[in-house]
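*Asks:* The chain contents come next:
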Amino acid sequence: MSAVDHAEAHHHDGPEPGLLRWVFTTNHKDIGTLYLLFSLLMFFVGGVMALIIRAELFQPGMQLVDPYFFNEMTTLHALVMIFGAIMPGFVGLANWQVPMMLGAPDMALPRLNNWSFWLLPFAFTLLLSTMFMPGGGPAGGWTMYPPLMLETGQAFPFVIFAVHIMGMSSILGAINIIATIFNMRAPGMTLMMMPLFIWTWLITAFLLIAAMPVLAGAVTMLLTDQYFGTHFFNAAGGGDPVMYQHIFWFFGHPEVYIMILPAFGIVSQIIPTFARKPLFGYASMVYATASIAFLSFIVWAHHMFTVGMPLAGELFFMYATMLIAVPTGVKVFNWVATMWQGAMTFETPMLFALAFVVLFSIGGFSGLMLAIASVDFQYQDGYFVVAHFHYVLVTGAAFAIIAAAYYWLPKWTGNMYDEQLGKLHFWTSVVSVNILYFPQHFVGLAGMPRRIPDYAVQFTEWNMVSTVGAFLFGFSQLIFVWLVIKAIRGGVKAEGRSWEGAHGMEWELPSPAPYHSFQTPPDISKIVARGDLHS
Amino acid sequence: MKWDKRLVTITSGLAGGLALAATPAWAGLGELNLPYGVTSIAHMNYDLNMLVLWITIFIGIIVFGAMGYSIYHHRKSQGAVAAQFHHNTTIEVVWTVIPLLILVGMAIAATRGLVLMYDTDNAEMDIKVTGYQWQWRYDYLGEGVSFYSKLDEQSNQARQLGSPLRPERVEHYLRNVDKPLVVPINTKIRFLITAEDVIHGWWVPEFGWKMDAIPGYVNRAWTKIEQPGVYRGQCAELCGRDHGFMPIVVIAKTPEEYKKWLAEQKERQSASEGAEQASAERSPAVDAAQTQS
Numbered sequence: 001m002s003a004v005d006h007a008e009a010h011h012h013d014g015p016e017p018g019l020l021r022w023v024f025t026t027n028h029k030d031i032g033t034l035y036l037l038f039s040l041l042m043f044f045v046g047g048v049m050a051l052i053i054r055a056e057l058f059q060p061g062m063q064l065v066d067p068y069f070f071n072e073m074t075t076l077h078a079l080v081m082i083f084g085a086i087m088p089g090f091v092g093l094a095n096w097q098v099p100m101m102l103g104a105p106d107m108a109l110p111r112l113n114n115w116s117f118w119l120l121p122f123a124f125t126l127l128l129s130t131m132f133m134p135g136g137g138p139a140g141g142w143t144m145y146p147p148l149m150l151e152t153g154q155a156f157p158f159v160i161f162a163v164h165i166m167g168m169s170s171i172l173g174a175i176n177i178i179a180t181i182f183n184m185r186a187p188g189m190t191l192m193m194m195p196l197f198i199w200t201w202l203i204t205a206f207l208l209i210a211a212m213p214v215l216a217g218a219v220t221m222l223l224t225d226q227y228f229g230t231h232f233f234n235a236a237g238g239g240d241p242v243m244y245q246h247i248f249w250f251f252g253h254p255e256v257y258i259m260i261l262p263a264f265g266i267v268s269q270i271i272p273t274f275a276r277k278p279l280f281g282y283a284s285m286v287y288a289t290a291s292i293a294f295l296s297f298i299v300w301a302h303h304m305f306t307v308g309m310p311l312a313g314e315l316f317f318m319y320a321t322m323l324i325a326v327p328t329g330v331k332v333f334n335w336v337a338t339m340w341q342g343a344m345t346f347e348t349p350m351l352f353a354l355a356f357v358v359l360f361s362i363g364g365f366s367g368l369m370l371a372i373a374s375v376d377f378q379y380q381d382g383y384f385v386v387a388h389f390h391y392v393l394v395t396g397a398a399f400a401i402i403a404a405a406y407y408w409l410p411k412w413t414g415n416m417y418d419e420q421l422g423k424l425h426f427w428t429s430v431v432s433v434n435i436l437y438f439p440q441h442f443v444g445l446a447g448m449p450r451r452i453p454d455y456a457v458q459f460t461e462w463n464m465v466s467t468v469g470a471f472l473f474g475f476s477q478l479i480f481v482w483l484v485i486k487a488i489r490g491g492v493k494a495e496g497r498s499w500e501g502a503h504g505m506e507w508e509l510p511s512p513a514p515y516h517s518f519q520t521p522p523d524i525s526k527i528v529a530r531g532d533l534h535s
Numbered sequence: 001m002k003w004d005k006r007l008v009t010i011t012s013g014l015a016g017g018l019a020l021a022a023t024p025a026w027a028g029l030g031e032l033n034l035p036y037g038v039t040s041i042a043h044m045n046y047d048l049n050m051l052v053l054w055i056t057i058f059i060g061i062i063v064f065g066a067m068g069y070s071i072y073h074h075r076k077s078q079g080a081v082a083a084q085f086h087h088n089t090t091i092e093v094v095w096t097v098i099p100l101l102i103l104v105g106m107a108i109a110a111t112r113g114l115v116l117m118y119d120t121d122n123a124e125m126d127i128k129v130t131g132y133q134w135q136w137r138y139d140y141l142g143e144g145v146s147f148y149s150k151l152d153e154q155s156n157q158a159r160q161l162g163s164p165l166r167p168e169r170v171e172h173y174l175r176n177v178d179k180p181l182v183v184p185i186n187t188k189i190r191f192l193i194t195a196e197d198v199i200h201g202w203w204v205p206e207f208g209w210k211m212d213a214i215p216g217y218v219n220r221a222w223t224k225i226e227q228p229g230v231y232r233g234q235c236a237e238l239c240g241r242d243h244g245f246m247p248i249v250v251i252a253k254t255p256e257e258y259k260k261w262l263a264e265q266k267e268r269q270s271a272s273e274g275a276e277q278a279s280a281e282r283s284p285a286v287d288a289a290q291t292q293s
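Sequence order for the protein chains is A and B.
Mapping of the first sequence onto my numbering: position 194 corresponds to residue 194, and the numbering continues sequentially without gaps.
Mapping of the second sequence onto my numbering: position 135 corresponds to residue 135, and the numbering continues sequentially without gaps.
A few of these clues could be false.
Once the Cα atoms are required to be at most 27 Å apart in a straight line, the calculated BS3-like pairs of lysine-lysine come out as [to be verified]:
1. B:LYS76 x B:LYS179
2. B:LYS224 x B:LYS253
3. B:LYS224 x B:LYS266
4. B:LYS266 x B:LYS253
5. B:LYS76 x A:LYS493
6. A:LYS423 x B:LYS76
It is worth saying that the hints were derived from the structure and are not from the lab.
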């Protein structure tokens, strides 16, 4: 009996052998890895869809695909990238880093953690399988506006169900992160001592819990409209198609910040490390994040300036939207002030973080232009909008996830990644991504609508440039895959504190970090005294 | 569609693309900004666009300039030693309040713009625009003139998958219709915009706005065109398979020419209605003939 106990106790020190480890794991690092690999896979699935879109748009005329298939691609590209690549990417980072940065052994709810990940492969198998169903996959845009969405063939209920499962996964993940942050902090660690990555994720988790059920409600109403004789959105039955848009964007706008707040957190970790200087304005960063989160709930109708809202509505949503520029500006100023008079070095995570600050700001500038409601009657539904949200989502959110991967890879694998390869990845990415998205501002302003498979000939040149950029950017990402594989397999051994200027509790652990992060809570007072935590 | 055939189209397309790249024309490269347009709304939106663009460029130069300076001068490799300051209340208040003031200024300008756009009163004529999958219908309210307007035949041929007709050879490819909307200049026209099936978006950039066409809603917008001409646009809201293929063409004429055109339309419409009526009267006989056989 005691021998069995002993064997079992021993057993729990490390991962189980074999593939089943990944199925049954309740370990935050294993689950973090699963999330990150899933995110990377979806990044390429969604990327291939984007390349199909860009290939068709290389020149006027239809060369490759049917217009319906093109619409499927734009719809699925967005769903896959948002729910499959960006969100799981951030959750994966949270899984790896939250326990380590709080001085905890694991997440608060390990079994829930396992389930919240394993929902995702099912959700996306379901979603992607719709492409092969009679009538084709969803082609009404990721926003799924009725009445168009109701024209979807047999794929319709499967898409709705897939969205439900994704939402469930997100909500469970968010509950777990909140529970962990509130209950598992090392003794003596107050909220205002938490690293910015933890703060931004805490706020993001609340946004998730508030927003995802609203999406679930909206798509369920679509489902009942289609199959159960309700007329929520059917004007002929006394319903209102615009109501769907209000409900959708009440989810959709917080969703935008769900995808960017953790990125703010990441950049706020990386810049101080490589500037060798404490983050400027820690408290104002926390308050700015919280105010952005609050404002995100009262600006949703700026996605709908052209639906024919009353003047008062337009004005309210315009003013509220413009207000977001203030806390966002504060963040950017704080990052620049952190760099000011620092002693900077430019390893790959820092390069991506600096590119984030510049390119995300460009996305913010176009966002401010879009906020001006009267001009939005020109911008709306055009390529200018496409350029705007790809600047904030690709050079914003995706660049931050990549920066975070570089930053913490030594901690995860115990090996330093290949710096030369990392720099190559950075420079090819940052050049090609601008070739890809910057010209989209031009065609958008000149009158090219979004979500069209073919265009008038005056838009040809910039679309060609954009497509060339897209293929360069897409293939550049293979460098990253190769680099990660190389770092997992070996390389220069990483120290516990992998970066000279790194502060925070994850760097107190050896690299690679032990399977159960902190089995005894760290002594916070010592860490604070050394200046390794904000106090 | 066979793949080999498709491959031929792709290669020929690529060759065509390269040929295009070789020609010095590159006319599309000049298409960078909103059109200045032909209405007061379009001018106002153009000016607002430029105002906010320049403000953001100005802010960008300051922020990225400071960042660039820091990146250049505060490098460890240059022997920089990190300072350890981490907050400064004065500067934090300053960079919260100044952007706020700039925003208030922009908000005032933008509010004026919206008020102008929403003033649809005192229109001299009304045109009802209805979106269908995938064409537009125009009703000249009170005149009894109405017609459908869809993609022109040549564009329609050229846009088919693997079509031998190349888009470059079609005049106004995808921006041409079989029957354009005709309107008078210097006249305040109110558009009443709706849709029959799914949501569409009626957008002519030269007029300075687009408006969603939503089933069950009648949205209002207005325009007063300053000069005669042909103005082209297309559907802006995803409306299904052929969303990219429902253009809008508006021909603006002097009020006199417009009146002449309207009179012709009325005549033609009443003539065709007469013909329709005649055919309607004939049809029972046809039905009877069919049931008999």
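*Asks:* Decide, hint by hint, whether the structure agrees.
*Replies:* Hints and how they fare:
1. B:LYS76 x B:LYS179: Violated, at roughly 68 Å.
2. B:LYS224 x B:LYS253: Roughly 12 Å separates the two Cα atoms, so the pair holds.
3. B:LYS224 x B:LYS266: With Cα atoms ~23 Å apart, LYS224 (chain B) and LYS266 (chain B) stay inside 27 Å; holds.
4. B:LYS266 x B:LYS253: 17 Å, holds
5. B:LYS76 x A:LYS493: At roughly 24 Å apart (the allowed maximum being 27 Å), LYS493 (chain A) and LYS76 (chain B) satisfy the hint.
6. A:LYS423 x B:LYS76: Given that 27 Å is the threshold and the Cα spacing comes to 18 Å, the pair holds.
Violated hint for the displayed structure: number 1, the only one.
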